[in-house]
Amino acid sequence: MYTLKEKTVVTLRVNGEDRQALIRPGDILLDTLRDGLGLTGAKPGCLNGDCGACTVLVDGTPIKSCLMLTAEAVGHEITTVEGLSDTPIQRAFIELFAFQCGYCTSGFLMVCHALAGQMQTPPDAVIDEWLESNICRCTSYEEIGKAVRAVLNGEIK
Amino acid sequence: MSKTGIGVPVIRKEAASKVTGEAKYTADFLEPGTLTAQLVTSTCAHGVIAGIDTSAAAGVPGVRAILTGESCPELCGAILKDRPPLARGKVRYYGEPVALVVAEDAFLAAKAASLIKVSYEPLPVVHGPGQALEPGAPLIHEGLGAYKRIVADVYPEPGTNVCHREKVRKGDVEKGFSECAVILEARFKLPQSDHIAMETRAATASISADGTVFIRTSSQAPFEVRKMLSELYQIDEGKIIVEVPMVGGGFGGKAPVNLEILAYLASRAAGGRPVRLVNTREADMVSSPCRMGLEATLKLGATEDGILKAAEMTFLIDAGGYADIGPRLAKAIAVGCTGPYHIENVSCDSLCVYTNHPYVTSFRGFGHASVTFCIERALDKLARKLRLDPARLRYKNALMPGQTSPTQVKITASNCGNLQACIERVKGLVNWEEGDRLDMGGGKIRAKGIAAFWKTSNSPPDAASGAFISFNKDGSVNLNVGCVEIGPMMKTTAAQILSEALKMDISRIHVNMDVNTRYTPYHWKTVASMTTYMIGRAVLRAAEDVTDQLKSMAAVVMKCAPEDLDIGDERVFLRSDPSVFKSFRDLVHGYHYENGNALYGQMLGRGGFIMTDLNFLDRETGKGKPGPYWTVGAQAVEVIYDTVAHTYRLTKAATVIDAGKVLNPAMAEGLVKGGMCMGLGLGSREHFQYDPAGRVLDTSLRTYKVMHFGQTPEYLVAFVETPFVEGPYGARGLAEHGIVGIPAALGNALSVACGAELDELPLLPEKIWMAKTGGRL
Amino acid sequence: MIPFDFEYHRPASVREAAVVYRQLEEAGKAPVWYGGGSELISMARVGNMGFGAVIDLKSIPDCRLLDNSGDEVHLGAGLTLDEIRRSEKFPLLGQTAGRIADHTMQCKITLGGNLASTIIYREAALPLLLGDATITTGGEKGIKRYRIRDIFRDRLQLPKREFIVSTSVARQYAEAPYFHIKKTKNEKIDYPLITTTALIANGYLRIAFSGLAAYPVRDEVVEAILNDQSIDFERRAEGAAAALAGILLEDMNGSSAYRRFVLKNTLVSILESIKDAQVPCIR
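Respectively, the protein sequence lines represent chains A, B and C. Using the numbering used here, the letters of the first sequence map in sequence onto residues 1 to 157. Using the numbering used here, the letters of the second sequence map in sequence onto residues 1001 to 1777. Using the numbering used here, the letters of the third sequence map in sequence onto residues 2001 to 2283.
Think of the hints as simulated: they come from the structure by calculation, not from any bench. None of the values given here were measured: they were computed from a predicted structure. No residue lacks a Cβ here, since even glycine has one placed at the ideal position from N, Cα and C. There's no promise every hint is true.
Stated by the list, open to error - Stretches of chain A that chain C covers, calculated by requiring three or more beta carbons in the stretch to come under 8 Å of a beta carbon on chain C: (1) 8-21; (2) 52-63; (3) 69-75; (4) 127-134.
To be verified - Beyond 10 Å from chain C on every Cβ pair, some chain B residues (computed): (5) Ser1114; (6) Val1151; (7) Glu1282; (8) Asp1389.
To be verified - Restricting the straight-line Cα-Cα distance to at most 25 Å, the calculated cross-link-like pairs of lysine-lysine (DSS-like) are: (9) B/Lys1767 x C/Lys2188; (10) C/Lys2185 x B/Lys1772; (11) C/Lys2275 x B/Lys1444; (12) B/Lys1396 x B/Lys1385; (13) A/Lys146 x B/Lys1652; (14) C/Lys2188 x B/Lys1772; (15) C/Lys2185 x B/Lys1444; (16) B/Lys1410 x B/Lys1623; (17) C/Lys2264 x B/Lys1767; (18) B/Lys1148 x B/Lys1081; (19) C/Lys2185 x B/Lys1189; (20) B/Lys1385 x B/Lys1772; (21) B/Lys1381 x B/Lys1444; (22) C/Lys2160 x A/Lys5; (23) A/Lys146 x C/Lys2188; (24) C/Lys2160 x C/Lys2141; (25) B/Lys1444 x B/Lys1652; (26) C/Lys2029 x B/Lys1444; (27) C/Lys2029 x A/Lys5; (28) B/Lys1772 x C/Lys2264; (29) C/Lys2185 x B/Lys1767; (30) C/Lys2185 x B/Lys1652.
Just chain A, same shape as in the assembly (with noise of 0.2 Å):
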């Protein structure tokens, strides 16, 4: 059984690395990964899950950080946009325009790579169903869309 009954230096497996951090049982994940750890691309926007501008990977799957306590991340493996780089999603939200005040893009980013890196050339019904996680409040969308699609369907690697 894993207990945490008190404030505890844990380590976090994130972007690849151990890191240590010091929680409380009670700590969210994003949280930690913020004010612990310096992360600060995975941003608060409702801590209600409800927009997913924290979106962060644990083992490759989105997950809104913002309702994960860090004490479950604990053994897992956590990828944030720090830990992207220089990746085809990236690219594309940049060449097709698909942020402005770019507070939701890090959560948006994290669904969209983990979308590709999961499925090949998934359907639009899926393309809809996972970004429909996340809330852009500055685009419509389309610009999102087109981005991602550009990466599922190769055009930009």
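Given chain A, put chains B and C in place with the hints provided.
What follows is chains B and C alone, placed relative to chain A:
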């Protein structure tokens, strides 16, 4: 290497930082030792504060201060000083800040805040502006007459809930109606809603030993923050530094000064230590200001052949508990009340009315999406009465050069563009000629609606801006401008304008992404779609300044006259023989002779800009010039409507705007599409709902619904380019506009589709079912 | 930020979970079972829920069960909604799960968490009600099995110290023709105005609803009306809607009258689909 300039799809300067998590927003700066402040907000919409028990919270170790209304007696406001930073004596809306806890970390602040107990004695609640004006309605501000006015042109009516009244009187309305063959009367009701910028408002404050106040904030108006803090707390402006990093969307919601005051008070109470205050989404939606609601009554008259002759209108803004910028919203609605149409005889009363709803502030479109819904829905009804094509009715009445606006500004092609061209173009985009209602069989109707709009700045008549230029030793340029990067790429646009002016590659122009009021030139506010115009003009002046300097310096060095020289590609060259030149890098940090002699110092450029020719509106008639120009456009929405379920799918949304000159086509399209998407949200799903006690029910994104991926239509965007001669390269402001006519176009499409008049937003299937069937099964 | 402290326990077996629950209870820690956690975290943040410890059940192997090799489909309570959907072992449940919250949340919310939710919808319960599921629980006395109809009264009424380990549904029901129609106020990503699920077992239409009332509903009288071949579809749908009229919700998502209108239309469309043999699966 050649110039980049305008008219090309430049990639934004901060792009890489935004796809890597590197871009820093206010709450991303996590200096050690920073305290956390947490708000306690009202659970009552209107009530006397009977008691606040802070004892349990004060006992939490690590709590550094607890503030209530009693700790801050001052009143604040941008137009009228009617709002205590923390409620005093009574609360006027659900969510109003009542107390502020400052503690060593976020956990302790949250824990202490949860222990504060506030008790209220409820007062009767004012649920809307119509009710607020009824005789005997509860008074929300008993001391309205005593409030200090920040501006001369605000007219509160003490003893009532009227915060401000704006009037337009043009022509003779009675006579106008007597000449009409058809008269249309209609009422509209639009709810309050919210900005939902993805980054909630956030501010940090600290006060150093010498009294210098440092504020970092998610704001569209850093210089306004400086001004208001200076004025409220008698601090020299020079001793207040306001820094704004990247901002995660504004949409008008970050134009008012809000959390900055609370963060300052928190730091002051904690001995000047740095304090961070970040809104939860819930607080951002209801505690900080939201978007106005509106109740309107319109009467329009037209001749048999569809020429508008007279309009009589009353607009009641649901301003919520405090004034904020509400009086200016009333002004904007009055100024634009007719829409972009010529009506000789106009009478309009536009009131900013207090209610016990969350208070309101600027929102993308600044009242125009609301007034446009009313006028454009009314026009469609009128077109039906006249048996006239709704697009034709708009085309016929479009304002033309030589005619006048409601506030009697003379219209020119330069200041108002070409609406008729926009209407024609948008008709083409949505295939208007096939008809606005097509039965597709199987209980499905394809329907289209159209709307036109206009918008001007309604800014202070003396709004100002500036630009600094400096050079690096390699000849590249640093541009320093005071607009905030809230998303629409204004920093890059400024660089693009400079690139065009200096005829150089934009990658060699570096622009500050942040704003710091100590070293950034003043810019009024990043609002009102005025940034391109104001900053653009300032940049052009700064460019002219350095161009003159470069030429006169090179003339000495090259032994020729300045007028023989031109610039481009970071060179000053002879017009007659461009192969004879001096590079910027040889000139901008002094000219150095081989023997060691040097001439001139570093080159600095500056450009200042202020609005000219604008004035206050006459109190009785509204006569006056409210902005430098109007941006006009036409929009259309197409839906597929289910006649059985009364549900619908959005299939097309189209916009044609007279942009004057499109500076960055990709960004312009993106901005307009984003605006349309938000407009579809307002039209179809966004609203605040309240319980009978006036408490807001939709305080999170779980129940307050915005548009999501996959539910959006095909977007069609085109531009007309009628130059605005005073604008940078002919450009008009283009930012908010995509939203303005979309709720109206959607309302028109669905009214056509279902065959009932839909005069309330949002257009929920339940509302359509009610309008269509009266609630029958 | 959750404004209070609590302990985190992640047991590796049903027995461990039961033991730690008892220990925490005796220590006055007010423990709660923890699945995906999304509801507990969001409720706790705004002060709607308090506890001294959470017991995270989702890595217990029994809660990860995913098996349809025999006559029954067994699904562990610790599976996420996304895992259930991808497994395709109980398509109606998969489709229902695929319309709860959004996809990213479906990767976190567990089957057990949705069934035990304090929010009124609990849409995952509908297919289980239709499939006469068996609910397997764990606790101090080990594993217990309940028929869902015996313990589902508006919500799963489990003894306090027990938690859901898995659910089992006969394959004949899991693989039966089905319907899933979720209607919302207007935005797709929303709580249901009414979610209707139905399956056809031995030629008989079974139907259950979420969002219609303040709890998930499966009603024998309503099913009898809908299966009454002596009357036409329209009247069956009207009759069923009338039978449910007394419990229809009136809230910010819609009035009870509008719910009744939507309900009737949904029922008509399901009945017509059956006639047209468009079974299975209509959105």
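task = Would you list, in rising numerical order, the hints stated earlier that this structure does not obey?
result = The structure conflicts with hints 1, 5, 7, 26, although it agrees with all the remaining ones.
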